[in-house]
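Chains A and B are the protein sequences, given in the same order. Numbered per the numbering used here, the first sequence spans residues 1 to 71. Numbered per the numbering used here, the second sequence spans residues 1 to 375.
Please note: incorrect hints may appear among the correct ones.
[Stated by the list, open to error] 30 Å max Cα-Cα, derived DSSO-like pairs, lysine-lysine: (1) B/Lys236 with A/Lys15; (2) B/Lys92 with B/Lys210; (3) B/Lys285 with B/Lys210; (4) B/Lys27 with B/Lys146; (5) A/Lys9 with B/Lys146; (6) B/Lys146 with B/Lys285; (7) B/Lys210 with B/Lys237; (8) A/Lys15 with B/Lys32; (9) A/Lys9 with B/Lys237; (10) B/Lys83 with B/Lys366; (11) B/Lys92 with B/Lys32; (12) B/Lys210 with B/Lys146.
[Said to hold, decoys possible] Here are the computed distance ranges between Cβ atoms for each label pair: (13) B/Gln71 with A/Thr16: 23 to 33 Å; (14) A/Asp52 with B/Ile287: 51 to 61 Å; (15) B/Asp112 with A/Gly34: 28 to 38 Å.
Calculated from the structure, these hints are not laboratory results. Fair warning: this is a prediction, and the values are worked out from it, not measured in the lab. By construction, the Cβ of each residue, glycine as well, lies at the ideal position given by its N, Cα and C atoms.
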Amino acid sequence: MNNELVNIKLNGESKTLTGECSLLQLLQQQNYQGSHFAVAVNQTFIPRTQHDEYIICNNDAIDIVAPMQGG
Amino acid sequence: MALMNNELQRYSRHLNLSEVGVSGQQKLKNSKILCIGAGGLASPVLAYLAAAGIGVLGIIDNDIVELSNLQRQIIFTESDLGKLKVDCAQQKLSEQNSMLEIETYPFRLNADNAFAILSEYDIIVDCTDNFISRYLINDVCFYLQKPNVSASIAQFEGQCSVYCVPGGPCYRCLYDSPPPENLVPNCNEGGVLGVLPGLLGVIQATEVIKLILNMPQGQSLIGSLLTVDALSMEFKKLTLTQRSDCRLCAQQQAFIDLPRYEESCNMIDGNKSSVPEISVHELQKIIDDVFLLDVRQPNEYAICNLQGYLIPLAELEQRLSEVNIDKPIVVYCRSGKRSAGAVRQLQQAGMTNVKNLRGGILAWIKEIDPSMRAY
Numbered sequence: 001m002n003n004e005l006v007n008i009k010l011n012g013e014s015k016t017l018t019g020e021c022s023l024l025q026l027l028q029q030q031n032y033q034g035s036h037f038a039v040a041v042n043q044t045f046i047p048r049t050q051h052d053e054y055i056i057c058n059n060d061a062i063d064i065v066a067p068m069q070g071g
Numbered sequence: 001m002a003l004m005n006n007e008l009q010r011y012s013r014h015l016n017l018s019e020v021g022v023s024g025q026q027k028l029k030n031s032k033i034l035c036i037g038a039g040g041l042a043s044p045v046l047a048y049l050a051a052a053g054i055g056v057l058g059i060i061d062n063d064i065v066e067l068s069n070l071q072r073q074i075i076f077t078e079s080d081l082g083k084l085k086v087d088c089a090q091q092k093l094s095e096q097n098s099m100l101e102i103e104t105y106p107f108r109l110n111a112d113n114a115f116a117i118l119s120e121y122d123i124i125v126d127c128t129d130n131f132i133s134r135y136l137i138n139d140v141c142f143y144l145q146k147p148n149v150s151a152s153i154a155q156f157e158g159q160c161s162v163y164c165v166p167g168g169p170c171y172r173c174l175y176d177s178p179p180p181e182n183l184v185p186n187c188n189e190g191g192v193l194g195v196l197p198g199l200l201g202v203i204q205a206t207e208v209i210k211l212i213l214n215m216p217q218g219q220s221l222i223g224s225l226l227t228v229d230a231l232s233m234e235f236k237k238l239t240l241t242q243r244s245d246c247r248l249c250a251q252q253q254a255f256i257d258l259p260r261y262e263e264s265c266n267m268i269d270g271n272k273s274s275v276p277e278i279s280v281h282e283l284q285k286i287i288d289d290v291f292l293l294d295v296r297q298p299n300e301y302a303i304c305n306l307q308g309y310l311i312p313l314a315e316l317e318q319r320l321s322e323v324n325i326d327k328p329i330v331v332y333c334r335s336g337k338r339s340a341g342a343v344r345q346l347q348q349a350g351m352t353n354v355k356n357l358r359g360g361i362l363a364w365i366k367e368i369d370p371s372m373r374a375y
């Protein structure tokens, strides 16, 4: 069991995770459901199909962006 | 086409830049740019592209200038109120630069006319205000291999990228399909800081000019999404690559159906809504016997209301239990668009006696009670 603390930035805000956590798990914990948003880790978008396999690392910066329609 | 003497003078500050020079200025003059939408983003896009010496500018928009536009759509003035936006833009831009050729299209871009219009231009600038147009533009640009310089805004935030450059990502690589209707507010509903489209539109114009000048990819927004937060003044560049499972890019040969307005009629056009409706006169007769539901924002409610029960549309799904199903339900918003979406949600939740107030509270104010404050 891995209980190491993982410090991340989620949408610019500091957050600490306990133990191993995939990107998908984090999104679910944060109530991001459905498919109408995109997620970048360290300034690079991660395709939805890889959210499950991506394990969040210490100091990761995670940005969740949602589409806007205004013009 | 070579530059004339007065053009050498006019564009001298460009000519002094080694990245532009005479050859770059000629490229600007020989280019044809299509701006779709003539609102907040388009205002700086059009003004700066006209100033920069673009040869041909196309403008598509079916709207007229309204008073609430003037807070951010800076190419229009009070004397333009009630006139077609494309006509007003054409007049302003030709005064600004008489060398500029302007084509206007005073109608809405749709799946039937998009190919013919877009194929006439080198670069497409997406300044629209709805998802159907955004996906339509993306898909047609992908098939025609035309760069799509796209920006969008909401409240204090904006996004900009260049999609559909061959080999680069498209809009669907980022967001594969439009979100469910009414999930994301537009500028009418959510509000927008007036300068925000100015910020993003200037970035779009910059990207257009760089594309024409063939500046290296690493210096452009091809393969990057720029996010702008005007409150924190944070600008982020997020790397976006073409997705191997993108429903558009991955199936290059297969033609997917182009997005059509009819499929999401009440998101775009309340008149085409197929939900049951009630007129303001009918409502007036039975108003004491119905559960009147207001799905606008609290700040809108504060301006004027019909004493309806307030549940903002975005919260409706979580607050369905508050809707009184013992009475017939009538839903209203400002114009009848959001409330049509709410009627659908309530129907999906099993409520059958639900009607949309046609024309919203604006129709009520006009027909029943002109003493109320309209907005």
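Exercise. Looking back at the numbered hints, which does the structure fail to meet, lowest number first?
Worked result: 3, 5, 6, 8 and 13
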